[in-house]
Amino acid sequence: MEAKAVAAGKKNARRLGAHLIFVDESGFLLIPSVRKTWSPRGLTPLLHHQTWPRHKISVISGVSISPTRHRLGLYFACHQTNIARDQVLNFLYQILGHLRGRVILLWDNSKTHQGPLIRDFLERHPRLQIERFPPYAPELNPDEGVWNHTKRELANGQSRSADELQAHLLDALTGLQRSQRHLRACIHRSGLKFF
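So for the sequence shown, this note's numbering puts the first residue at 1; every next one is plus one.
These aren't lab readings, by the way, just hints derived from the structure by calculation. Values in this document were obtained by computation on a predicted structure and should not be read as measured data. Using N, Cα and C, we set each Cβ at its ideal position, and we do this for glycine too. Be careful, since some hints might not be right.
No farther apart than 20 Å at their CA atoms in a straight line, the calculated lysine to aspartate or glutamate pairs in the EDC-like style are these [what the hints assert, rightly or not]:
1. Lys-111 to Asp-86
2. Lys-151 to Asp-163
3. Lys-111 to Glu-144
4. Lys-151 to Glu-131
5. Lys-111 to Glu-131
6. Lys-56 to Glu-131
7. Lys-56 to Glu-144
Label pairs and their in silico Cβ distance ranges [claimed, not checked]:
8. Arg-41 to Ala-185: 17 to 23 Å
9. Arg-41 to Thr-81: 43 to 49 Å
10. Gly-191 to Arg-41: 22 to 28 Å
11. Gly-191 to Arg-124: 33 to 39 Å
The whole structure should be built from the sequences, with the hints applied where relevant.
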């Protein structure tokens, strides 16, 4: 049951010669995340930070797979507010502007992925087909690997403002975007067998 949407999306992508794209959202706080790190023996590493307001950067991204060469891509958009349907629709416009031909998009059942605005968008753009992941199965979405990689890259950092956090975030996402090896690892980590 869990992999039905993924299997349907993969089968349709092959049959239709369509791009397959996995979409998800995440948030990044100014409060630094702490991870294990190396230090000289006897010197405990210290991470100094002030108590910052709970500003955050919300990001929507999608990992795409091309229909013929299985080339991977990463698309993303950052926002300093929570992601709402308007931002989701703008992201879908961005995706359709970059990917030619049919596009099969897989995402979760978030409220921002539903409603009359999304249905209207799909009616006006018939080359976009939506499949949904089963509830409570984030591990199936390769885009979760994007968040794991990015949060690992930003760990132990000290952004002093939302703008600085966004700059660090864009650096990490752009680096990931340029690495087929890391994007492929996101696909493999999800357990989906594309390659």
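Consistency of the hints with the structure:
no.: 1; hint: Lys-111 to Asp-86; in the structure: holds (12 Å)
no.: 2; hint: Lys-151 to Asp-163; in the structure: holds (17 Å)
no.: 3; hint: Lys-111 to Glu-144; in the structure: holds (18 Å)
no.: 4; hint: Lys-151 to Glu-131; in the structure: violated (27 Å)
no.: 5; hint: Lys-111 to Glu-131; in the structure: holds (15 Å)
no.: 6; hint: Lys-56 to Glu-131; in the structure: violated (29 Å)
no.: 7; hint: Lys-56 to Glu-144; in the structure: holds (18 Å)
no.: 8; hint: Arg-41 to Ala-185: 17 to 23 Å; in the structure: violated (32 Å)
no.: 9; hint: Arg-41 to Thr-81: 43 to 49 Å; in the structure: holds (45 Å)
no.: 10; hint: Gly-191 to Arg-41: 22 to 28 Å; in the structure: violated (39 Å)
no.: 11; hint: Gly-191 to Arg-124: 33 to 39 Å; in the structure: holds (34 Å)
In the structure shown, a violation is registered for the earlier hints numbered 4, 6, 8 and 10, in ascending order.
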